[in-house]
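Trainee: Mapped onto my numbering, the consecutive letters of the sequence shown carry residue numbers 1 to 471.
None of these hints come from the bench; they were simulated from the model. Please note: incorrect hints may appear among the correct ones.
[Said to hold, decoys possible] As a list, the in silico DSS-like pairs of lysine-lysine whose alpha-carbon atoms are at most 30 Å apart:
hint	residue 1	residue 2
1	K162	K105
2	K31	K311
3	K51	K470
4	K63	K310
5	K176	K188
6	K51	K310
7	K27	K311
8	K470	K453
9	K352	K311
10	K352	K63
11	K310	K31
12	K417	K311
13	K363	K310
14	K363	K352
15	K453	K51
16	K188	K162
17	K176	K162
18	K51	K63
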Amino acid sequence: MATISSPGIGSGLDVQSIVSQLVALEKAPLKQLQTQATSFQTKLSTYGTIKSQFSALGDAAAKLASPNGWSSVTGTSSNSAAIGVTAAAGAPATSITMTVQQLAKAQSTASSAVATGSGAGSGSMTIELGAWSGSSFTAGSGTPVSVTINPGEDTLAEIAAKINDADAGVSATVLKDASGERLLVRSKETGLENGFRITVADDDGNDTDASGLSRLAFAVGSANGMTQSQAGQNATATINGVSISSASNRLADTLPGMTIQLSQVTTAPVEIDVSADTEAVRANVQAFVDAYNTLNSTLSNATRYDAGTKKAGALQGDSTATGLQNALRGMMRSVTGGTPYTRLADVGIELKTGGALALDAEKFDASLSNLEGLKSLFTVDTGSATTEGFGRKIKTFAEGLIDADGLVSTKASALQKSIDRNGLEQERVNDRAARAETRYLAQYNAMDAAVAKLSGLNAFVSQQITLWNKG
Numbered sequence: 001m002a003t004i005s006s007p008g009i010g011s012g013l014d015v016q017s018i019v020s021q022l023v024a025l026e027k028a029p030l031k032q033l034q035t036q037a038t039s040f041q042t043k044l045s046t047y048g049t050i051k052s053q054f055s056a057l058g059d060a061a062a063k064l065a066s067p068n069g070w071s072s073v074t075g076t077s078s079n080s081a082a083i084g085v086t087a088a089a090g091a092p093a094t095s096i097t098m099t100v101q102q103l104a105k106a107q108s109t110a111s112s113a114v115a116t117g118s119g120a121g122s123g124s125m126t127i128e129l130g131a132w133s134g135s136s137f138t139a140g141s142g143t144p145v146s147v148t149i150n151p152g153e154d155t156l157a158e159i160a161a162k163i164n165d166a167d168a169g170v171s172a173t174v175l176k177d178a179s180g181e182r183l184l185v186r187s188k189e190t191g192l193e194n195g196f197r198i199t200v201a202d203d204d205g206n207d208t209d210a211s212g213l214s215r216l217a218f219a220v221g222s223a224n225g226m227t228q229s230q231a232g233q234n235a236t237a238t239i240n241g242v243s244i245s246s247a248s249n250r251l252a253d254t255l256p257g258m259t260i261q262l263s264q265v266t267t268a269p270v271e272i273d274v275s276a277d278t279e280a281v282r283a284n285v286q287a288f289v290d291a292y293n294t295l296n297s298t299l300s301n302a303t304r305y306d307a308g309t310k311k312a313g314a315l316q317g318d319s320t321a322t323g324l325q326n327a328l329r330g331m332m333r334s335v336t337g338g339t340p341y342t343r344l345a346d347v348g349i350e351l352k353t354g355g356a357l358a359l360d361a362e363k364f365d366a367s368l369s370n371l372e373g374l375k376s377l378f379t380v381d382t383g384s385a386t387t388e389g390f391g392r393k394i395k396t397f398a399e400g401l402i403d404a405d406g407l408v409s410t411k412a413s414a415l416q417k418s419i420d421r422n423g424l425e426q427e428r429v430n431d432r433a434a435r436a437e438t439r440y441l442a443q444y445n446a447m448d449a450a451v452a453k454l455s456g457l458n459a460f461v462s463q464q465i466t467l468w469n470k471g
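Turn these sequences into a full structure, and let the hints guide you.
Mentor: Here it is, written out as structure tokens:
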């Protein structure tokens, strides 16, 4: 704000106060503009909430509109400690009986003890993966892996590290006890075909005397070298009386859509069942009801007028918001071309006073016994927007509203433009007030200077008259 150093010094008027009051009059339109801006911002924020909640409703409806949203299944086992089961979406419903005679295991070997921290000879070790049949070894398709052991340098711990670094399909570690250290070697994978054989080229010239590096060799039936603590073996089981064998205790491809985990040998048959996951369906329907109720509550609060408090909602009198609420409630009362259910109320999803949905648990549970009929209520494609499934029609309705050119989006854009125009108008008012202040100050300064001159002239004339009278 422009100022003057000594306002009214010549005229005796409070120029600053006068100018301030005149500027305040220039700024009078600001109050209404600021009130409008607050209203626009509140409405825009409310429409932002409505848009977000329509998006959530559309997402919930989309799960019910797609057949994939109804494909969840659940697998159960009568003895999950022995046989666990998981079922992928879309797995066919089935019931089987299983027994487990043997679990898949990995081959394990252990060396004889050596003094802690000492070496175990030098030379090279060759590790091959394959299958043992008695004392006969059939090498697998992989390439044998060799490990060089340095004389006087490599302890059992260092040998174990070299084996692990070689990526030979086995893992190695060192066991320490009162008798010293032992090298433990184990196949990384279970199963008969994942066994291993270890041959050595011992620098002492004798590869089979169990002295030096040859003590770390292994072959089934050999009296020298490492001993076998566990032979590699396949899991064996029966499914509906049919014998199966697996290198792994995890049966991922044995039955379509099912993954079976074997954990214990069984002493009695185990019942495995795969069926539709009705709890997943219930959760999806409840999510749809909750999303609708949240949106309905927002629209109700925004459009209502409370006669008791005489307070109106942010969108009270807004025809767009009222129209959305009426359209949404109307859709919940509409019918579909599904069979045997055509209305939400047929399956216990009922529209209550105030427009909220409520789920009648008993009635809904009864509809779960006819899952295909319930699915049809939400997914049926009749080719008509008015009779297609509820999931489809609500999804389409919600997505259309929040698209870039949808009703909710365009309403929000219009409000933003109003806010922008309001801001520009406030700037114009402030600019006019600033220019007026400068103009008023200039005018009053000029007047003040003129009054000061007249006052000076008056004093001079009075002085002269006084002098004349004395003469």
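Trainee: Would you mind marking each hint as holding or not holding in the structure?
Mentor: A quick look at each hint next to the structure:
no., hint, verdict
1, K162 x K105, "24 Å, holds"
2, K31 x K311, "20 Å, holds"
3, K51 x K470, "93 Å, violated"
4, K63 x K310, "41 Å, violated"
5, K176 x K188, "21 Å, holds"
6, K51 x K310, "27 Å, holds"
7, K27 x K311, "28 Å, holds"
8, K470 x K453, "26 Å, holds"
9, K352 x K311, "25 Å, holds"
10, K352 x K63, "24 Å, holds"
11, K310 x K31, "22 Å, holds"
12, K417 x K311, "26 Å, holds"
13, K363 x K310, "41 Å, violated"
14, K363 x K352, "16 Å, holds"
15, K453 x K51, "69 Å, violated"
16, K188 x K162, "15 Å, holds"
17, K176 x K162, "18 Å, holds"
18, K51 x K63, "19 Å, holds"
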